[in-house]
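Line order of the protein sequences matches chains A and B. For the record, in the first sequence the residue sitting at position 170 is 170 according to the working numbering, with numbers rising by one throughout. For the record, in the second sequence the residue sitting at position 343 is 343 according to the working numbering, with numbers rising by one throughout.
No wet-lab data here; the hints were simulated from the structure. Errors might be hidden in some of the hints.
What the hints assert, rightly or not - Quick look at which bits of chain B chain A covers, simulated, 3 or more residues with Cβ under 8 Å: (1) 14 to 24; (2) 180 to 187; (3) 276 to 290; (4) 299 to 305; (5) 335 to 342; (6) 367 to 374; (7) 425 to 432.
Every value quoted in this text rests on a predicted model; they were computed, and no experiment measured them. Even glycine gets a Cβ: it sits at the ideal position worked out from N, Cα and C.
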Amino acid sequence: MANELDLTEFAEEIGDEGPVTIAGLSTRGGPVDDVRTVMAPAGIVEFTPDEMTVRCGAGTPVSELVSDLADAGQTVSIAPSGTVGGALAIGQSTMRRLGHGPIRDTLLQARYVSAAGEIVKAGGPTVKNVSGFDLCRLLVGSRGTLGFLGEVILRTRPVAAFEQWFVTTAEPDTLLRDLYRPTTVLWDGERCWVLLEGHRDDVVAQATDHGLEAGDPPAELPTGGRWSIPPAELKTVVGSGRFVAEAGVGIVHHELPAPARDVDPAIVRLHHAIKARFDPTGRLNPGVDVLAS
Amino acid sequence: MTGTLVTDLTAALDARRVKAGASSRSLYRKDASNMQGETSVVCLPETTDEVQACVRIARRHGVPFVPRGSGTGLSGGAVPIDGEVVISLTRMTDIVSVDEVNRRAWVQPGLLNLDLSNRLLPVGLHFAPDPSSQQTCSIGGNVANNSGGPHCLAEGVTNAHVLAVKVVLPDGTVTVLGGEDPEPAGYDLRGVFVGSEGMLGIATEVCVKLTQNYPAVRTMLMDFDRVDDGAATVSGIIAAGMVPAAIEMMDQLCLEAVEAYIHAGLPVDAAGALLVEVVGLPHELEDQVGRIMAIAQEHHVNHVRVAADEAERALLWKGRKSAFGAIANIQPDYYLHDTVVPRAKLPEVLDQVYEIARRHEIQVLNVFHAGDGNLHPLLVYDARIPGTVERVHAAGREIVEASVAAGGSLSGEHGIGLEKRDYMPLMFSDVDLAAQNALRCAFDPDMVANPGKVLPSPATCAEVSHIGLPPGAWV
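The following block holds chain B by itself, in its conformation from the complex (with noise of 0.2 Å):
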């Protein structure tokens, strides 16, 4: 049967981009979690109908199939389960049309984040979510991930800046959700599918926000002695009415490795420190320098080092953008976690993190988007180690548990993938789950693309009946 399907999908394609050999499949059973599946075959179509002809076979052999993008993600959203036939879009990276007046861009799902807003800098604009993988992961993904990053403090995650969507539903069908108009007509239909992982069908083409660059930028290291300062010094700041373009948070043993990494001068006797950028026009810039400074001062700031130029502010972002890199030279292996508490629970909730990495005995570094209460503990560990895996998994849990029971989320920018799926029920009760599910088997009753994901099992698509409907309901 897989030898047909194989067959069908070399047809379709041709046999360069149809991979069912022993390495290819190996090289997308993962991605960057720590999980892995199996795939029968990998395509890599180019266009829209190419994608549907992927879709359309995969469905007539009666295999489901995985969307993905660069491979990225940290959740196991694009690892297929058992013997799915993956279609990565990898080769599907033009920029179609953009129009600098109204801001937008009508984009293929491979292009890379920052691929994207390099080619936007000689207009000025960029496109606002900035992922700290965003060298190298893709549009596509972002959509499906509903991704952050650092500068959506401000601006918002990847839904904000996605106006339509060009698709193959699950049943290989190509429509257009959103749409260049304000306000299309029915459900907001683009809102549900971003962030929905690839379950709902494949983007194929996407129409982005895009954002002016900003006409000034400063961009300031504030170190404190003690985290709960600088903690309450982000609340300070959001209190006042201010929503910096970003503020960082990286602690102790995240400032060492770093500073260990890439020289750059940063506070490591500190027990922290804040990176806050603030842009926009002169002097709504400078009244805002000088309230930060003072909220921070009243919370015992140390030091506050101001990049004199964009060289030095370059550095300081490299900083905190090279924490995964950095952290090689602790330990081989790494689990990096995304939660979100609410902002004034920072400082309780990095204290339970500290306490549960001691507990596990496992070295724990933060390093976080603080302005939106977006934790990242970065678990470090040496897997090599009998039991430490467990021990690392154990942790884990019981970080996600400490920040949904103090009133957050699960996720804030990785996606729910494999990785959390089993954690949903911490946030939702049956009831809600059932609801998500309903809308999942709306657009995929046989339960086609990506199963397997960001749903506890058992999730099923019943037959729905339409039996007992009164005369002229709308349904």
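Only chain A is shown next, with the shape it has when bound in the complex (with noise of 0.2 Å):
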């Protein structure tokens, strides 16, 4: 296939034996302590605006592809920090979720470094694929325990023309009902913040429409933890401490760590089965259980 990241070294770097973990460039939590690290290839090797999609590297550092990206009036929804193979592999979507969806969506297609060494490819090259099953899906959030990202195909979407942070006592309720396709709904408790993006006369006349005063977005969010429960529950983290709530989408970002899950025991069982299956012996970021985060 012309345009392909030859993966041979970054395979035969991770090998077939051997406890190995993956690094990018920290910012997400980094490798595994006290094992062989590698690092997955850098660089944009295709970006073609008209079909909406680039490939590159997994190593690529968000910041530049999004800069690469602007030339052309696109972006990828993904936070712009470290790699992007990083981004993907811990699957944390951006504040903009409500408006641009999950990271998990833009994932069209990867080739990854298997626990055995072999390069193996998931999903297909078009923005709409359903050939076989979505091994894209799996590998998103999988923090490296499945395979190691090598190179990826993803789909960038266009740059609004206009974009303006709004401030409101209005509840998150009235605005998620109200608004047409806000791009981000953020509420502390006491008052909301909105991102609306478009046509510079629709975003204003929105904004009218519904009360929204010109502001800045909060200034820091707490780091504390990082919660995701039902967005129809939002209300119950009223008094559990400081907070910052993504509307209608269910991310809270907290001062205190997030509540430990009840995660069912078939869906143990199941992540059990797929990780026996895809790295027998556990090689892959030993230690990392996806399930505790």
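Starting from two chains that each stand alone, build the complex the way the hints lay out.
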């Protein structure tokens, strides 16, 4: 296949035996301690604006990717820190998830190195594809426990012509019900911050109609914990400490660590079965427990 | 043995909902593809518990099972191959709950796609995936095939609209994959279940994401003297940073067939026409309509017909969605293909499609999701003429090969099923396929859920050895 990264060297480095871990730029926790470390290849291989796709090495810094895409008026729904591979492996979406969708929907094709040291392709190069089991979904958020991402093809999206943050004391439920496709609605229990994108006149008209005042987004988000709760239950976090919640989504940036979650035993069994099939000796990112995070 | 199987199933459900007679079994031995097999018994459960009972009983008798929705699938995914128990979800059609604020609903899998959107009309919401079969296809079937539709260009296919799935796993356990919270613990099992064609278990309740209805809509029909100009217009629109709600294309033979069928005033003399729909807030909408018209003019558009009202919009869409009914006027049989190519390769691959059809002396109509490069060549023929079916299959294979060779995919929205199972090696190496099989085996080591689909044989599940694990390893 033309314009494909040669992953042979990366695969040889990973090999087929002994514990091994993968490092990006260590912005999301970094590699496993005291284990042989590899890094994925970096660099943008091919950006095709009229397909809205980009192919790059998993080691590519997200900031570099975002900057290159911006030249064509496009971007990618991945938080702009660390590497592309790190962001996908951790699987946390950006604060624009309400409007732009989750990070898992950006990955179209992945070429990764398996525990057996083989190069495996998952997904397909086109924006639409239902050929076979969707291993890309499995890889996003798998924290390097099933394979190490080498090269990815991502879906890009156009950058909106205009965007503006607003502040309001309206209830988040009211905003979610009344606004047309806000990009973000944040709520700290007392007020809301709203990000609107699109044509400037539409943004202004929506803001006027719903009494939104232009303002800055929250200066900082609490970093004690990232809670994930059903958005219908957001009101239950009031009184639990300082927080900023993503309304309509359910991510709560909280000053306290997220409460432990119960996981159904059937889900635990499936995780063990998948790990056993993909990495029977437990050599990839040893010790990382995706259910404990 | 089958007698006991039927007796046990009847005891778990009731006699009316367990069908082992020849006529029922004959109805359920095929779907909307041209393939068929055999089933030993058909069950029509109404609750998750009953689905679980069916799976457990089938397992106890050592008989695999095939989940089934409306049976509108085009790739043979719901065809029982060799006496499997068919578990039909068509009696599970409830909307269990709707959260209008956070825009989600729990629904049963047998609910029809369009029924869901129609019932949400009063609250201004809809389910975005809109397959052309949406009047008859079920949400569970959409989940199994990761279905698409014209409006998936901007909104994404089914996977982007499913938050959680309550499932009966192949071993009979009931659990929930994914969740209403945005980042459920662990692997995205919801994500791999969607599109798994009934091979990882049976969905008995689906939490779907709902989409706000559009404040304004503009639908345009643009016709061109050359298909290439239409295709170049599509690439131009995307390159300019616009993702319209839908961009569909029909070629001349298709326009003629549809016009003869519904009399919508379609441009039958044109080589091809684009149906472009733009939605959103008024200023953005006007801006995009203007820019799209300018791009079309650069590519020599003949006429632009803008739907004046909802009735005209509905008529244009009826033209698009009734293409498959219209072709009955041309030939008695058709074979619908489904491949994806990079948008820029559309003209080149379309030329190949015409050339392949000409060489095999088959008529071909093209009506497809141009915006995402999702081709639907429709081969029309008369199966009564000896040798025709063979030529149709040979042409079909060449079309699939040409699409994959152009950097495309085997299927955009119909799935692999039986139809394209043996084409999988065109796109995937043995190593790639082994990884897909590893996932399947993690869910279904005994291969009892819809066996024989998607993965080319021999795909087996070897025992996994845990011996040799380092201490403390997480498996």
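>> Which constraints among the numbered hints does this structure fail? Numbers only, ascending.
In response: Of the numbered hints given earlier, those the structure breaks are 1 and 4, listed in rising order.
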